[in-house]
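Colleague: Okay, here's what each chain looks like letter by letter:
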Amino acid sequence: MSSWFKKILGHGNNKGSDTSGRTVHYEKPKGVEVRIANLNKSFGGHHVLKDINLVIEPNETFAIIGPSGTGKSVLLKHIVKLIEPDSGSIHINGEDIFRSGDKKPGYRCSMVFQTSALFNSLTVGENVGLWLRENRICSETRIRAIIQEKLRLVGLAGKENLHTSEISGGMKKRVAIARSLAVNPDLILYDEPTAELDPVTSDELARVMKSLRRELEFTTIIVSHDLNFALYLSDRVAMINQDGIVETGTPEEIKNSENPIIRNFIYTTTKGLKGE
Amino acid sequence: MFEFFGRKLLRLFQGTGEIVILLLQTVFYFKEAPRNLPSISRQLYEIGVGTLPITALMALFVGMVLALQTGSQLALYGTQDVIGAIVGLSMVKELGPVMTSLLVAGRIGSAMAAEVGAMEVYEEIDALKTFQISPVRYLAMPRLLGCLLAMPALVVFAIVVGVIGGAFVSSVNPLINVPVNVYYDNLIQALNYTEIFKGLLKATVFGCIIAVVGCYVGFKTTGGARGIGQSTTRAVVLSFLLIFVANYFLTRLML
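Chains as they are written, first to last, in this note's numbering: chain Z, 1 to 276; chain R, 1001 to 1255.
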């Protein structure tokens, strides 16, 4: 367990206490396995997800790439149970997430939305500490310490009193990541993290996400149409199009794939860099 | 044609059911109110204190116009001395609750729909759900409680200002010319606690309508900025409609 984590949780244990003195658990994250089997979803007459089958290993960084409108974000929203499928299943650590009812899941999951989805009425610090306060995880002193630590992790130390209207798009994305990290997630999902960001800020964000992977253990799923970003960060990549999963492999395998759909996607995504 | 009307009717029933469900869910979360005091206080301030100036203006002129119109007609028959009772009872039973509610629906109901609608469109409500925070508890409950607490207070304020406006016009208008003490004596004779209670009951019901409709329309918002604009309008129109309908049935019940 790294020293900063011990400091946050207090004396090497993973227990916190709320203001009433009750002990609650703010446990160290552990990566989870995600199994998606025969997932189908239609909206109106439009069949968005067709027989999606994926297995994501614990602690893996898995990217889902593909053109816009192919259901990448819809797939992510299934994993966090914002949408229910027409058929198929999703198992996280062996638990069918759509059949667990009101039972508390045995894992923690958080999502970084495409729009960052920060709450405009709250400051940066209040956004990051929202889950901790609303779910009464630990004492206010501990919460403040956690907020400071999570903001430090994303390179925004000392910015907790700023309002969301006072920060840039890149900073908003990092605050959203800090907010997700405050949950101590076993599974973290990123929906188009580079959307609305310039290339320099995207690169900065990629470095932040890479450093988080080194410091913390959790499973990561990234949905992106930014091929370079996805290939840089991920252990494995799946390409999706309107007919479902095209191919799954390591970044090298995807880059060297002979599949014409993938070759076309790589060409159209990178041809600007070739100076054409 | 049948299909068109049938579809409209089904949507009406569905919407009514969803509003009732939202109301019940919001009331269920009243038990969480003690730990949401900051957000409830914020809503109370915006609804109550924020609406005071315009409520004062509205009530003043409503009272003045009521006194002017009624007093000038009564003066033709020499019975203008009862103007205090008429203005007082009208303000307490109808004009105070209804006019104040319409004002709050336009000002606060639209703001609620816009704020919650923007949160829905920009995925903030989805973010709340992923953090296991109920959007009904976090957003709707403080707004409903704020309205339930602020509306009766606003209505009382509106009644007082309206009565004062009526007294002013009654005393200075040469056609009516009713001294303030006569106006006041008549007012006190006519009013009783039952009438005031009925007025406050209406205020509470109307406050409930404004908050639930504003939040409901906000939660159902789709379609970006345009959708938010449409939701704002829809919340105001629906609130107005339901206030008028509820006013009739409440008046009928309390007769």
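Where hints are given, some of them may not hold.
Here are a few chain Z residues that face chain R, going by a calculated C-beta distance under 7 angstroms [what the hints assert, rightly or not]:
| # | residue |
| --- | --- |
| 1 | V80 |
| 2 | L82 |
| 3 | F113 |
| 4 | F119 |
| 5 | W131 |
Derived pair list, reagent style DSBU-like, types lysine-lysine, alpha-carbon separation capped at 30 angstroms [unchecked claim]:
| # | chain 1 | residue 1 | chain 2 | residue 2 |
| --- | --- | --- | --- | --- |
| 6 | Z | K210 | Z | K172 |
| 7 | R | K1220 | Z | K50 |
| 8 | R | K1129 | Z | K104 |
| 9 | Z | K50 | Z | K172 |
| 10 | Z | K104 | Z | K159 |
| 11 | Z | K30 | R | K1129 |
| 12 | R | K1129 | Z | K103 |
| 13 | Z | K172 | R | K1129 |
| 14 | Z | K81 | Z | K30 |
| 15 | Z | K81 | R | K1198 |
| 16 | Z | K81 | Z | K50 |
| 17 | Z | K103 | R | K1031 |
| 18 | R | K1220 | Z | K81 |
| 19 | R | K1093 | Z | K104 |
| 20 | R | K1093 | Z | K50 |
| 21 | Z | K104 | R | K1220 |
| 22 | R | K1031 | Z | K81 |
| 23 | Z | K103 | Z | K210 |
| 24 | Z | K172 | R | K1220 |
| 25 | Z | K159 | R | K1129 |
| 26 | Z | K255 | Z | K50 |
| 27 | R | K1220 | Z | K103 |
| 28 | Z | K30 | Z | K159 |
| 29 | Z | K159 | Z | K103 |
| 30 | Z | K159 | Z | K210 |
| 31 | Z | K210 | R | K1129 |
In short, the hints are calculated from the structure, not lab data.
On a predicted model such as this, the values are computed, not experimentally measured, just so you know.
Cβ coordinates follow ideal geometry from the N, Cα and C atoms, glycine included.
Colleague: For the pair supplied as a hint, K172 of chain Z and K1220 of chain R, confirm whether the alpha-carbon distance does not exceed 30 angstroms.
Modeller: holds, 26 angstroms
Colleague: Given the proposed pairing of K1129 of chain R with K103 of chain Z, does the C-alpha separation stay at or below 30 angstroms?
Modeller: At roughly 15 angstroms apart (the allowed maximum being 30 angstroms), K103 of chain Z and K1129 of chain R satisfy the hint.
Colleague: With the threshold set at 30 angstroms, check whether the alpha-carbon distance from K81 of chain Z to K1198 of chain R stays at or below it.
Modeller: Violated - the C-alpha atoms of K1198 of chain R and K81 of chain Z are around 46 angstroms apart, more than 30 angstroms.
Colleague: Do the alpha carbons of K159 of chain Z and K103 of chain Z lie within 30 angstroms of each other, as the hint requires?
Modeller: This hinted pair is violated, its Cα atoms lying about 37 angstroms apart.
Colleague: Verify the proposed pairing of K30 of chain Z with K1129 of chain R, using a straight-line Cα cut of 30 angstroms.
Modeller: Holds, at about 22 angstroms.
Colleague: Is K255 of chain Z within 30 angstroms of K50 of chain Z, Cα to Cα?
Modeller: Judged against 30 angstroms, a Cα distance of about 24 angstroms means the pair holds.
Colleague: Is the Cα-Cα distance between K1220 of chain R and K103 of chain Z 30 angstroms or less?
Modeller: holds, 27 angstroms
Colleague: Between K1093 of chain R and K104 of chain Z, is the straight-line Cα distance small enough, at 30 angstroms or below?
Modeller: Distance ~50 angstroms between K1093 of chain R and K104 of chain Z Cα, so the pair is violated.
Colleague: Holds or violated: L82 of chain Z as interface residue toward chain R, Cβ cutoff 7 angstroms?
Modeller: holds, 5 angstroms
Colleague: Can the restraint linking K172 of chain Z and K1129 of chain R be considered satisfied, given a maximum Cα separation of 30 angstroms?
Modeller: holds, 19 angstroms
Colleague: Run the distance test for K50 of chain Z versus K172 of chain Z: straight-line Cα separation, threshold 30 angstroms.
Modeller: violated, 33 angstroms
Colleague: Given the hinted pair K81 of chain Z and K50 of chain Z, is their Cα-Cα distance within 30 angstroms?
Modeller: holds, 18 angstroms
In this structure, the hints that do not hold are numbers 9, 10, 15, 19, 20, 23 and 29, in rising order.
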